[in-house]
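If you read the protein sequences in the order shown, they are chains R and X.
Take the first sequence: its position 356, counting from 1, is numbered 356 in the working numbering, and each next residue is one higher.
Take the second sequence: its position 53, counting from 1, is numbered 53 in the working numbering, and each next residue is one higher.
The reader is advised that the hints may include incorrect statements.
SDA-like cross-link-like pairs, simulated, lysine to any residue; straight-line CA separation at most 20 angstroms [to be verified]: (1) R:249 / X:49; (2) X:13 / R:116; (3) X:52 / X:112.
To be clear, the hints were calculated from the coordinates, so they are not data collected in a lab.
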Amino acid sequence: MQKVGVVGVGITKFGKRNDANMNLLAWEAINAALQDAGIEQKDVDFFTVGNAGVWSEELLPAVTVGDYAGLTPKGTMRVEAACATGSAAIRVAYQSIASGSAKIALAVGVEKMYGVPVPTVVELIGRAGNFFWEFENFGLTFPGYYALYASAYMAKYEVKEEDLALVSVKNHYYGSLNPYAQFQKRVSVDEVMKSKYVAYPLKLLDSSPITDGAAAVVLASEELARKLTDTPVWIKAQGVASGSSNLSKRSDFLGLEASVEASRQAYKAAGIEEPTKQIDVATVHDCFTIAEILAYEDLGFAKRGEGIRLIREEQTYKGGLIPVNLDGGLKAKGHPIGATGVGMAVEAVKQLRRELPSTRQADIKNGVALTHNVGGTGHFAYVTIYSL
Amino acid sequence: MRLENLPIVKDEKDCLPLFIDQRELILKYQIPVSDIYPFFEGLKEGKILAPKCSTCSRIYFPPQSVCPFCKKSEMQWIELSREAQLLAFTQIIVKPQSFQDEGDYYVGVARLKEGINVLARVVTDKRPRVGSKLRLEVTKNNKGNLVYCFVPID
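With the rest of the complex left out, here is chain X:
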């Protein structure tokens, strides 16, 4: 029940009065990606690219344009291999506010033969198994945007 001329309601359970903030704040971040733009161009071509430091050969995934160990930004963009082994996974049942429009989904971390790990959705109806083989692919999410995901190899 709301008080007249005041944005105050009583909590359904404990009946204590709560002032409902009338100033709604919407946050939508703008994130610069010019330094890792090749990654997104790669997705458009169906490729998953990662920068490799020209000095020490470290591969950075998620991509970053600087090698903090060599203190250099001379990177060579390489295409990642696709076969992966599942290290860990979960199925998200209680979802964040902004994912409420989706059904339950699997997310996993899998290791590529380059020795790097990738975290992504695992697109499957069947519960995956730790240690199983997956394939890294480019797909579209439910907003129509290009993303990478894993699919099980049977």
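Isolated chain R, as found in the complex:
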């Protein structure tokens, strides 16, 4: 296996982007990543397009994006793994280089969720699990799936809604420091508590928003990466796992088994035994506040049932035991499904290159960053370790 480096990153402003169609949005990220890498389209051997789609009009996003961005006739494919689509797009591009079949590969994630009315988006993501047995007759929604976890976790560990609100407060705080974030406004526990329920016990301000956005990374073989940049960021390891389609088949609702498995694989391959000591900064999949707490535990930042203590003690702020989501997370930065995982990679690379404003730049001691990208409700999990 060839060593693979990230040599260029690009991201768009996340939010409601009525100023750009999907192709233009993808181009914004691709153009930024190509410039950051100092390469042209002709240098790219292969590219992947992460896009969940359906809410946007094009059914073949890999070719419409490729054509628009001047990447035709390079080989491509659309990659989909629900909310982990972005990480899956990176995985395919990564493997194309690791296997030796490509020297330079680009992965772009793009999503235009405002292409259809909001109730249609609620319907589509509610269907994303097991349509026939858990949606058709019962009408679950995506917040509803995570609310199941929240209800069980809160009952078992005596956690209050106010505790979960602390995650929203942190991530909105960092969103206010990130010009690319959808929400630039801080929120208080009181504001979270007063926001409306979407799926009890989760409220609007426990939830990531509907988002348009794109992000791109350029990956290169070791030899080329060293030529292209003085600061390549290596993809040290990636763990991947899946979970049962039906939520009824989960053994308990206290953690995501797929996240545990993906992190076990990634830690083993990267030689990580004490995550909070060896990882400088993490971006985790906080589609809902409860999801960030589960991630702390699934990734081994805290023991089962003790994740809530990390946020209560502000241990996941910059300067804490392990800083988490210093870009605002999905909660405040936004969650454009296909772009989310690629956006996480962009953040990890910028953190390791120490390119961020001091207010949200983590201390880089080990030169190691983690991204944790979940698809659906633990239906997919991708844990990636980036290192200097």
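Position chain X against the provided structure of chain R, taking the given hints into account.
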């Protein structure tokens, strides 16, 4: 405001022009169920059935006609027990497009004594509690179709 002779409107908030697609697509799936037909026949008789692998005794719920571990489709249909314990629940307030005609509803996952979990509506006016006892029943949904649901046992 719509432009003359063009399906272009300005967004109410940011005033940016949006082309409104004129080709509406309606999707209605046709899903084969012949291999699990006994389940639906069971519902008509007020029973909730699940296939049990004749080789390894695994029970499959939701029903499927193949045991992928034994690589066999020799299944025996058994009737599930009705008493269940609630593992997790939610109340859906913001509803999907196709559920807009319903009031807020509870959905829960509960464990049966066979060790399998079932996800279904919890029909109640009162917020349920994790750990509480429920009964699995056959009922009709608001479209008049037979479905299974949980009701609290007080």
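Verification of the hints:
no.: 1; hint: R:249 / X:49; in the structure: 17 angstroms, holds
no.: 2; hint: X:13 / R:116; in the structure: 16 angstroms, holds
no.: 3; hint: X:52 / X:112; in the structure: 15 angstroms, holds
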